[in-house]
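S.K.: Residue numbers (the working numbering), protein chains in the order written: chain F, 1 to 440; chain R, 1 to 95.
Everything labelled a hint here was simulated from the structure, so no lab data went into it.
Possibly wrong hints are sitting among the right ones.
[As the list claims (entries may be wrong)] Below are the PhoX-like pairs computed for lysine-lysine, each with C-alpha atoms no more than 20 Å apart in a straight line: (1) F:353 with F:310; (2) F:280 with R:80; (3) F:205 with F:310; (4) F:369 with R:80; (5) F:361 with F:310; (6) F:353 with F:280; (7) F:161 with F:205; (8) F:310 with F:161; (9) F:9 with R:27.
[Claimed, not checked] For each label pair, taking beta carbons as the anchor points, the in silico distance ranges come out as: (10) R:33 with F:122: 54 to 64 Å; (11) F:111 with R:3: 23 to 33 Å; (12) R:12 with F:252: 22 to 32 Å; (13) R:19 with F:417: 49 to 59 Å; (14) F:384 with R:30: 17 to 27 Å.
[As the list claims (entries may be wrong)] Over 12 Å on every C-beta distance to chain R, these chain F residues come out as not near it, computed from the model: (15) 91; (16) 298; (17) 344; (18) 348; (19) 353; (20) 371; (21) 406; (22) 421; (23) 432.
Ideal placement from N, C-alpha and C gives every residue a C-beta, glycine not left out.
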Amino acid sequence: MIEIEKMGKPAVPIVSGRFEDDALASSRAFGMPDLQFVIVPRIYRNLADNLCVTQTEEVMDELISCLTANSTNDTTPEDQESTLRYEGEDRFDAILKMNSDYTRRDWSDALPVFPPTESAVADLISGTSLPSDHVVCDMPPGFGLATVEKIAINSALAGAKPEHMPIIIAAVKCLSEMGDHGGKSLLMSTSPHAPILVVNGPIAKEVGLNPRSALGPGRDNEINIIIGRAFYLCLKNIGMWYPNKMDMDTIGTTRKFVHCLGENEDMSPWPSYAEDRGFKASESAISIFVTDGELDVQDQGNTSAEGLLKTLAYGITFGNTTLGGSRAGGHERLIFMPPDVAGPVGGEGFSKKDAREFIHKHANNSLGKMIQYMPLGDARVHENWHYLRNQTEEEILSTEVPLLHSPDDIDIVVVGADRAKTLVFPSGPSSATIGIDQYR
Amino acid sequence: MHLLEVSNPVAQQRGMMNILRTNPRPKSLDGLTIGLVWSGTHGGDLALNRAGEIIQERFSDVSINFYTGGNYPTPPPIVKQAGEECDVVIGATAD
Chain F
1 MIEIEKMGKP AVPIVSGRFE DDALASSRAF GMPDLQFVIV PRIYRNLADN
51 LCVTQTEEVM DELISCLTAN STNDTTPEDQ ESTLRYEGED RFDAILKMNS
101 DYTRRDWSDA LPVFPPTESA VADLISGTSL PSDHVVCDMP PGFGLATVEK
151 IAINSALAGA KPEHMPIIIA AVKCLSEMGD HGGKSLLMST SPHAPILVVN
201 GPIAKEVGLN PRSALGPGRD NEINIIIGRA FYLCLKNIGM WYPNKMDMDT
251 IGTTRKFVHC LGENEDMSPW PSYAEDRGFK ASESAISIFV TDGELDVQDQ
301 GNTSAEGLLK TLAYGITFGN TTLGGSRAGG HERLIFMPPD VAGPVGGEGF
351 SKKDAREFIH KHANNSLGKM IQYMPLGDAR VHENWHYLRN QTEEEILSTE
401 VPLLHSPDDI DIVVVGADRA KTLVFPSGPS SATIGIDQYR
Chain R
1 MHLLEVSNPV AQQRGMMNIL RTNPRPKSLD GLTIGLVWSG THGGDLALNR
51 AGEIIQERFS DVSINFYTGG NYPTPPPIVK QAGEECDVVI GATAD
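Bound conformation, chain F alone (with noise of 0.2 Å):
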C-alpha cells in the first residue's frame, strides 16, 4: 500500500488484529509512519467465508474514513536516549535492575545481558579496523543502520571478544545480500524461519568455533553460542526483528537462539563449502542459511555410499512443496552431514556436486503428502498445477514427484562428531556468503 501511496494515490490495508503492531512497524520502516489503516479482530485465511464477510463489514465505517479523512497520526520520529542509567545498592543490583529494563523493553533474548558500558563497547570496536559510525547495511526486515558501533554494543550484550567482531560484522552484512531484501518477507513471516551462520577459513580455529556437536548448549559450544546470539541481538535491534512486529511467527522456534558454527573442515573429504562458493581454503567466509526446521537423519548401518546417500534422500523426503509460482522459505535443504558420512561418500569417489544429484534424484515422494492437503482452488495455485483440479484425491496421492526443483537446492556442510546422523534442514531462500577478512 505504501508503494501506492508513492504514486500518489491514497491506499488503505484491511489488516489483521494480531498484526496491528506489525503494520506499525512495517510502516516506520518503509518511511511512511502516519499510513492508516483498519483492523479486523481475525486472520482472513482460515477464517469461514461468511466470518470473512461480517468482520469486514463492522469496519466499513472506519475503512472508509481512512479513505475520506487526511492522516493525523503523529509522524514525529522518537528520540533516543543513547545512554541509559541504572543505579543499584551495587554494581550487581544495578546489572539486575539493566536487566529487568531491557527484557521489559524487549532488546534482550530475555536470557541475563552483559552490560554495554562505553568501556566494553570501545574494547569491541577495536576488534575491526572499520571506525565506529561506518554503516555496514541498512539490516533487514526493518533495516536499520547497522554501523560498527550498534554491532558492538548488541554484541556486547551478548558477552562477544573483540576477535569475534569480524565474524558478527560479516554476519550482518551477509544477511543483508540474502535473496528477497535479506529474506525480508521470510523473517517477517508467520513460519519460524530461522537464520543459522557457518563459518569457513582459519578464524573459525582462531576464536574456538565448535564444528563437531555443534549445535545446542554447553561448554563446547561457547564461542558457537556467544556469536550467534550477538547476531541474533543485532538482528532484533538493528533490524527490528521483534516478536510480534515483525517476526510473527505463529509458533516459533528455538532455532532463533541463533548458532554459529565451524565447518568439520579437518575432517571433509572436500572442499569448504566457502570454496565451493568462490573463496580460497585460506580466506575466512562465513554463510547464512534461513532454517525452516530441522531432522535428525540416522543411518543404522549402511557403509557404502550408495546406502548412506539413499538413508539420506529417503530420510529429507519430509515438510512440504508449494504449488505457488514463486520459491518461498523451506523449499531447499540444507545438510550438516557428519564425517561418518561424508568420509565414505567421498571416499568411494563421489564429489559433493555427486553427493548432491545423487540425493536429488532419489529424494522422490507422493505429490498429495508433499502438497499436504492443500485446498486446489486456492489463487496461489499456479497453472501448471491447475489439471490437479480434475484429478482424484487418490490420483493425486500417487503420483511421485521430486522433492526438489534440482540439486542445485542442496546444500551440504561438513560438520559433527562420530556417528552417521545427519541434520537436515528445509531451507531458502537460497544462502549467502560473504568473506569476513575484510572487517578484521
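Assemble the complex: chain F is given as a structure, and chain R must be docked to it using the hints.
M.R.: Same frame as chain F, now just chain R:
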C-alpha cells in the same frame, strides 16, 4: 549506591530518516474508481469484494477494479497498475 551507564542497542531506521506523508484524501468517494488489491490469501477476496459492494451502495457512480497477482507479495506490476488506474486503493493483508 552504584550508577551503571550503558548504551542503547536500538538502531536508527533508514525509513524514519526521510519520512513520507500519506496523500490528501478525497472528500467523497462519489464518482471515483476504487482499486481492490488481493494478495491471493483465502478470504481476502471475499473481504475486498464486500467492501467494494458497500462503497457502491453508499456512494454514487463508483467503479470497482479488482487486482491480484495470485500470490504474496502482490507483484510490483500489479501494484503499479492499480495505482495508475484507480483513485484510491484498498488492500487485504496479514496472511
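S.K.: It remains to establish, for every hint, whether it holds in the given structure.
M.R.: Here is how each hint holds up against the structure:
1. F:353 with F:310: Satisfied, since the Cα-Cα distance of roughly 15 Å is no more than 20 Å.
2. F:280 with R:80: Given that 20 Å is the threshold and the Cα spacing comes to 44 Å, the pair is violated.
3. F:205 with F:310: 33 Å, violated
4. F:369 with R:80: 37 Å, violated
5. F:361 with F:310: This hinted pair holds, its Cα atoms lying about 10 Å apart.
6. F:353 with F:280: Holds: residue 353 of chain F and residue 280 of chain F sit about 18 Å apart, inside 20 Å.
7. F:161 with F:205: Roughly 15 Å separates the two Cα atoms, so the pair holds.
8. F:310 with F:161: Measuring from Cα to Cα gives roughly 43 Å; hence the hint is violated.
9. F:9 with R:27: The hint holds at about 14 Å.
10. R:33 with F:122: 54 to 64 Å: Given range 54 to 64 Å: holds, Cβ gap about 59 Å.
11. F:111 with R:3: 23 to 33 Å: Once the Cβ atoms are compared, 24 Å apart, the range 23 to 33 Å for residue 3 of chain R and residue 111 of chain F holds.
12. R:12 with F:252: 22 to 32 Å: 28 Å, holds
13. R:19 with F:417: 49 to 59 Å: Because 52 Å falls inside the window, the suggested range holds.
14. F:384 with R:30: 17 to 27 Å: Between residue 384 of chain F and residue 30 of chain R, where Cβ atoms are some 43 Å apart, the hint is violated.
15. 91: For residue 91 of chain F, whose nearest Cβ neighbour in chain R is about 5 Å away, the distance does not exceed 12 Å, so it is violated.
16. 298: 35 Å, holds
17. 344: 42 Å, holds
18. 348: 43 Å, holds
19. 353: Holds, since 32 Å exceeds 12 Å.
20. 371: Holds: least Cβ distance 15 Å, greater than 12 Å.
21. 406: 21 Å, holds
22. 421: 35 Å, holds
23. 432: Since the minimum Cβ distance to chain R is about 20 Å, residue 432 of chain F lies beyond 12 Å and the statement holds.
Going through the hint list in order, the structure does not satisfy hints 2, 3, 4, 8, 14 and 15.
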